[in-house]
Amino acid sequence: MRHKLAAALPAFFWTPAALAQEAQEPGIDAVINEAIAPISDAIVSVIFYSVPVFGTQFPLIVLWLVIAAAIATVYFKFIAFRAFKHALELIRGDYTDPKDAGEVSHFQALATALSGTVGLGNIAGVAIAVSIGGPGATFWMILAGLMGMSLKFAECTLGVKYRNVYADGTVSGGPMYYLSKGLGEKNMAGLGKFLAVFFAVCCIAGALGGGNMFQANQSFQQIVNVTGGEDGFMADKGWLFGLVVAVIVGSVIIGGIKSIARVTEKVVPFMAVIYCTAALVIILANITEVPTAFAAIFTGAFSPEGVAGGAIGALIQGFKRAAFSNEAGVGSASIAHSAVRTKEPITEGLVALHEPFIDTVVICTMTALVIVITGSYSNEAGMSGVELTSSAFESVFPWFPYILAVAVILFAFSTMISWSYYGLKSWTYLVGENKTAELVFKLVFCIFVVIGSSMSLGPVVDFSDSAIFAMAIANIIGLYILLPVVKKDLASYWARLKAGEIKKYRTAWLIHTE
Amino acid sequence: MTDTLLAGIDGSEDGKRAAEFAAARAKAAKARLVVAYVIEWSPYTFNTPEENEMRHKRREEEIDRAKAQVLDPLVAALKSSGIEVQGLVRHGHPAQVLSDLAGETGACQIFIGRRGISRMAALLFGSVAGTLVQISPVPVTVVP
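Chains H and P supply the protein sequences, listed in that same order. 5 is the number of the first residue of the first sequence in the numbering used here; add one for each residue after it. -17 is the number of the first residue of the second sequence in the numbering used here; add one for each residue after it.
Don't read these hints as lab results, they were simulated from the structure. Check the hints yourself; a few may be wrong.
Rough simulated footprint, nothing fancy, chain P against chain H, three-plus residues with beta-carbon under 8 Å [unchecked claim]:
| no. | stretch |
| --- | --- |
| 1 | 81 to 94 |
| 2 | 170 to 178 |
| 3 | 400 to 412 |
| 4 | 417 to 425 |
Remember, predicted model here, so these are calculated numbers, not experimental data. Think of the CB as a built atom: it goes at the ideal place given N, C-alpha and C, for glycine as much as any other residue.
Only chain H is shown next, with the shape it has when bound in the complex (with noise of 0.2 Å):
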C-alpha cells in the first residue's frame, strides 16, 4: 500500500506540492485545508495513536494489526507454511474442475487482488522503513509478512464464505458481508451491522483519499520529478494531470473501456517483473555483498547501531512496513477475493495466502536488499522514499529512474482501479444495488483524481489514511469472533483433502485414452 507516506512523512511529499499552491492559489487549498484539518487531526491521532517506545514512536494500530496476525499464526497452526505448496497448486488450477473454464480462476482473484496492494509502497515505504529502522527493519518486515499471511487467509475464507450470490451469477463479497452475516449467525447482528457499515463508511472514506487522491498526487510528483522539477513545464499543472488520469479511469470505471484495462492488465504485471529482474541483477551483481546484508539484516536486527529505539526501533520500522504494505487484517483484498468460482470458501483464503508473501517477503525485500546490498540508506543527503530507492537503483542502471516513474504511475492507477471498486462495493452496501448508486460512486471518484492531483491536501489525505486503518478496528474485531467458523471449515476442508476426497483434475486431464 502506497499511501502510507502521507501518515509516515507527511512533509516529504506534501511540502513541495504546498509552496508551489501556496504561490499561486491561496484560496481553496488553503480554506478547505482549514476547515477539515481540526476533524482530521482528531481522528489521525485517534487512529494512529502512538506510544513512545525506546525513544521511538510506536502506533498501537500497527500493534493491532501485527497482534492478530500473529494470533492467526498460531491459531491456524502456520498454516502459511503446511499449505504453502497446495496453495500452488489451487493458484495453478490443478484442482479447477475443467468444467469451471471460463470462470474467475484463482489465479486471476489473486492478480487481481495484488495488483491493489503492491505499488508505491513496496517501492518508497521501504526505503522510509531502512533508512529509520536500518538494516535490521528488513528482519522484521519479512516476519510481520509471514504472520500476515495467516490473517490474510482468514478473511479472504471469510469474503467468499459470506458473499452475496445474484440470480444472474453476479456476487458481491467482503468484510461488510462476513460482518453482518457471521456475526449474526452468532446472536450478535446488532454489533456484525454496526461494524460492517463501519467498515463500509471508512472503506469509502480510504477509497477517495489514499485509494484515489494520495495515489493521483504521487504520480503527479513523479511527473514533476522526470519532467524538470519545481521550474519544468508540468510543476503547475496538476489540474491538466488530474483531468487526463480522471478521464481514463472514468474510461474504464464508468465506461467500461476494455482495451485500457488490457492494457494495464498487460503492462502492471511486466513492471513488476521489470522492478524485480531489475533488484535481482543488481543482487548478483554484488553477489559478494549479501553475505555482509545479510549479517547487517540479521545483527542490525537485534543490535543495531546507530538506531532510535534500537531493536525496537528496527522492529516498529519493518512491523509499520509489513502492515501498511500487504494490508493484512484491512479487509480491502477480501472484497477482490471473494469474486472466484468455487465450492470450497477454504481454497481462496488458501491462496490469498501467497498475497502478503509477493508482497512483502518477496518484493519489498527485494527493495530492502538493493538500498542495503549499495549502501544507499547511509546516504549523506538524508534521502528517504522514492528519491532513495531510486538512487539505489540509479547506483547501477542509472536510466533506472525513468522506469521508477513509469511503473509508479502505473501502480497508482492499478490501485485506483482496485479501490474505486472496494468503495463501490461499500457504497452499494451502504445505499443498495442499483445503477444509479453505482454511477453516482463512480462519478464522484472521477472528480476526487483531479482534486487530490492538482491541490496540496495534505489534512484530507492523512484523514483518508487513518480511515483505511480505522477499516482494520472493526474487521478484526469481527476476524476475532468468527476464527472458530474459519478453523472448522479449514479442518473439514484439510481432512477431505488428506482423505484424497479433493482430488486433482489436472492429473486426470493427462490420460486420453478411455
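Please build the complex by placing chain P on the supplied structure of chain H, with the hints as guidance.
Chain P in isolation, oriented as in the chain H frame:
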C-alpha cells in the same frame, strides 16, 4: 460402436470449412460428428475486480451467443445431410481443449481449419493448428 470425429470451430469461415469437410468424412464412414466451438480464454489473465464480479454472467452470454450465432445453425445444416451431429461450447486454449475433448468424446480424429498466418505471426501469437498437431492424442487433419 460407430466412430466419432471431432471438428473444432471458432466462428470463422476456416472453422466452418473444417466442420463441413469433417461432416463429409463422417457421412462416408457412417461416423458420429462432434462440433466443438472453443472460446479462447486463459485462467492466467489479469482482470479488473469489476470484470471478475461480472465474469459468470459474461460467460453465460458468450456461450449463448456462440450457440445462437454459429454453432446451432451449423449443427442444423450438417444434420440435414443425414449424419449424427453433437454441438459443444467450451472455454480455454483451443488446442488444449480439442485435445482434451478427443479423449472425452472418444474421437478417433480431429479436424480443424487454419488461419493461414505467416511464420512471424505464428512465432508471436502461436498457432492453434501447430500446437494441436504436437499435443493431440489422435490424428489431426488440418483443412486449408
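Broken hints, by number: Hints 1 and 3 are the ones this structure does not satisfy, whereas the remaining hints hold.
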